[in-house]
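Please arrange chain W on chain E, whose structure you already have, making use of the hints.
Residue numbers (numbering that gives the first Met the number 0), protein chains in the order written: chain E, 0 to 392; chain W, 0 to 392.
If you're looking for bench data, these hints aren't it; they were derived computationally from the structure.
For identical chains, the list gives no copy identity; a pair is met inside one copy or between any two copies.
Derived DSS-like pairs: lysine-lysine, alpha-carbon spacing no greater than 27 Å straight-line:
(1) Lys84 to Lys339
(2) Lys76 to Lys327
(3) Lys357 to Lys385
(4) Lys282 to Lys42
(5) Lys42 to Lys281
(6) Lys385 to Lys269
(7) Lys145 to Lys385
(8) Lys134 to Lys123
(9) Lys84 to Lys129
(10) Lys355 to Lys385
(11) Lys281 to Lys336
(12) Lys357 to Lys269
(13) Lys31 to Lys91
(14) Lys355 to Lys272
(15) Lys77 to Lys91
(16) Lys20 to Lys123
All figures in this text were calculated on a predicted structure; none of them were measured in a lab.
Protein chains: 2
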Amino acid sequence: MIKVKGFKFAGISCGIKKSNKKDLGLILSEKKCLSHAVFTKNKVIAAPLEIGKEVLRFNEIYGVIANSGNANACTGKKGIIATNKILNSLSKRTGYKTYNFFPSSTGIIGVQLDYEKVNNGISKLVKSLKQESFKDFAESIRTTDKFIKFKHKKIKIGKKEGNILAIAKGAGMIHPGMATMLCFLITDLKFNKNTFRNLINNGVNQSFNCISVDGDMSTNDTVLGLSNGMAENKIIDNKSTDLSKVTKEIYRIFYSLAEDIVRDGEGSTKICKVTVKGARDKKTADFIARKVSNSLLFKTALYGSDPNWGRIIAAVGSTQIEYIESTKIDIHIGKIKIVKNGELFGNLKPANKIMKKKSIEITINLNKGKAQAFMLTNDIGHDYIKLNSLYTT
Amino acid sequence: MIKVKGFKFAGISCGIKKSNKKDLGLILSEKKCLSHAVFTKNKVIAAPLEIGKEVLRFNEIYGVIANSGNANACTGKKGIIATNKILNSLSKRTGYKTYNFFPSSTGIIGVQLDYEKVNNGISKLVKSLKQESFKDFAESIRTTDKFIKFKHKKIKIGKKEGNILAIAKGAGMIHPGMATMLCFLITDLKFNKNTFRNLINNGVNQSFNCISVDGDMSTNDTVLGLSNGMAENKIIDNKSTDLSKVTKEIYRIFYSLAEDIVRDGEGSTKICKVTVKGARDKKTADFIARKVSNSLLFKTALYGSDPNWGRIIAAVGSTQIEYIESTKIDIHIGKIKIVKNGELFGNLKPANKIMKKKSIEITINLNKGKAQAFMLTNDIGHDYIKLNSLYTT
Chain E
0 MIKVKGFKFA
10 GISCGIKKSN
20 KKDLGLILSE
30 KKCLSHAVFT
40 KNKVIAAPLE
50 IGKEVLRFNE
60 IYGVIANSGN
70 ANACTGKKGI
80 IATNKILNSL
90 SKRTGYKTYN
100 FFPSSTGIIG
110 VQLDYEKVNN
120 GISKLVKSLK
130 QESFKDFAES
140 IRTTDKFIKF
150 KHKKIKIGKK
160 EGNILAIAKG
170 AGMIHPGMAT
180 MLCFLITDLK
190 FNKNTFRNLI
200 NNGVNQSFNC
210 ISVDGDMSTN
220 DTVLGLSNGM
230 AENKIIDNKS
240 TDLSKVTKEI
250 YRIFYSLAED
260 IVRDGEGSTK
270 ICKVTVKGAR
280 DKKTADFIAR
290 KVSNSLLFKT
300 ALYGSDPNWG
310 RIIAAVGSTQ
320 IEYIESTKID
330 IHIGKIKIVK
340 NGELFGNLKP
350 ANKIMKKKSI
360 EITINLNKGK
370 AQAFMLTNDI
380 GHDYIKLNSL
390 YTT
Chain W
0 MIKVKGFKFA
10 GISCGIKKSN
20 KKDLGLILSE
30 KKCLSHAVFT
40 KNKVIAAPLE
50 IGKEVLRFNE
60 IYGVIANSGN
70 ANACTGKKGI
80 IATNKILNSL
90 SKRTGYKTYN
100 FFPSSTGIIG
110 VQLDYEKVNN
120 GISKLVKSLK
130 QESFKDFAES
140 IRTTDKFIKF
150 KHKKIKIGKK
160 EGNILAIAKG
170 AGMIHPGMAT
180 MLCFLITDLK
190 FNKNTFRNLI
200 NNGVNQSFNC
210 ISVDGDMSTN
220 DTVLGLSNGM
230 AENKIIDNKS
240 TDLSKVTKEI
250 YRIFYSLAED
260 IVRDGEGSTK
270 ICKVTVKGAR
280 DKKTADFIAR
290 KVSNSLLFKT
300 ALYGSDPNWG
310 RIIAAVGSTQ
320 IEYIESTKID
330 IHIGKIKIVK
340 NGELFGNLKP
350 ANKIMKKKSI
360 EITINLNKGK
370 AQAFMLTNDI
380 GHDYIKLNSL
390 YTT
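Just chain E, with the same shape it has in the complex (with noise of 0.2 Å):
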């Protein structure tokens, strides 16, 4: 039974969504949470980002409450209302302050939160808070994602045994911007401030900031950390031997998150991980492998199961990186080598089959310094066009 000790869960129905869906969800902790959180880094972000941005200041968090069906973007005024109204009343049925929790909220932008449906449901979302009750959570925050995501770790340190989880939503964009990548990482391990922070910042940076799933970015993407320190371990700061093992283990649960998100992207049918290597710097190898990613091009030869390394070439020469050599690039899809000095190598039948499985690597050498870096993306088809063409406003 996975549990994380002091913290509590819960998801209820209260009629955002159709048919008695779940859309409400909260996570409380007994005890007050160190917190840290990243953001969209679009300049346009909802309501409850405004104010949860604000909460984090205070540093006393015990807790989330988190909706779908709709992410309250795009509501002016009357959206930050909502958010605050729900936040009243969540103080007064269980007796934190308002700004105690950290509000979120997903699914269609432009339309007014009802708040009075979520207010309605507090009281039977409060009393319905269990331990173990972490899937009705999960299924809380769904909005197209087919399937729940979460991971789970029991780590040791010293004598003291504690747990990380994290429960996270998919991010492909379907509706009107029915967007939004969410995830929260709930520990009951004890964590020095600033080893926290880096932790949380860094392991984004090597997972959920390197998928594409369309390219486009959402108005409320949150990955929030709590930790209540209730494992009572030695506190983990950037001095602890335990430090490598927590890191090793939070970039891990955070990158098989990512890798759930696209592979759970909107029609998608297979995940591939490109892989620029041989740059003269990080930047320039990340821009490069975020350029194949998101090419249209080479997302429709990835659903076509087609070794378009044309297509793959005339998108790294596309980001007009003044060192690139179109003579210098190689190219291997898995283990084989197509592209040698930015021609054709060998034959295509082996790559042919590579590119019909379900997960894929592609590793572009530039052979021009000793950089690299990766992005997780996935193949655009049919389903995708269906999914997001014939929803009408």
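Here is chain W on its own, set in the frame of chain E:
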């Protein structure tokens, strides 16, 4: 009958394409031409472009030789040799120097160009040169274009009458980078060198540089202007009273060819002009217009005739431009205001009707300054996926 004084055209089949489709074209001027070209900014460029850039330095251009069916890109040294062999053969059969011709190729990437097929066709090509055969030339540079693209305008400068004829091919990238936007502007008007250069550069910036078919950039894109001055008009320079008239016509020709290219984009069912107003500067206006036009979510909404302003506003915000305030943004679809201060304005029914049209105008006002920019884009639907995924390299 459209003619441009001193220019002859030809287009024949030499066997690069299947089933005797025209795939080799020639433009030849009696007198040497003033020339200026704008090229792809892709760092990976094709062999003919590498040679063409050198050729243009001599500034004694008499014409263009172009083939379709093979882009001669990512073909290494062999590709350079192939283009040189073709120029040699053309030189022998016409008496001109090899560097009197600008070479151009479009079609599949990464496959060696069979220059012997081209050279076997050159006698026939030269023999079929005629003043009125520009449509044969237009035909010979087609790849996936559904229709040939040309615009012509007679212009009177003083008592002399001159002609501007521009021939283009489309930008959709089907097959492994069956790429490339090509445009050749041919005129018998006499220009000052710098004036001609500026006209081409500025014209391209306001037309071909403002189109987005799939956000990808080809290895062969070229716009070449040739002026042989045989209309014997008073030279057009920066002080000419006729300059504004000529400028307007060249821009109009480029713009309507750009529209044709977008309209003919792979699997496209409609065309949309995205204008960004009220920006602080031209550069950011342009960046935002590009971001919206390339957004896959926006393009699929366009396909579904969905006035999905949430996706538009999310794409605007994703540029991360500092001065954007979502609560200042207004959006019009046609003349209907659908968003005011970042929120839904009125109802979407009239906008729904406009979205069903073949040609749509969307205006985004940031209300932050006086700069503006536009992009022409198209929708992405099932035919795009079909065309781009079913091909196997």
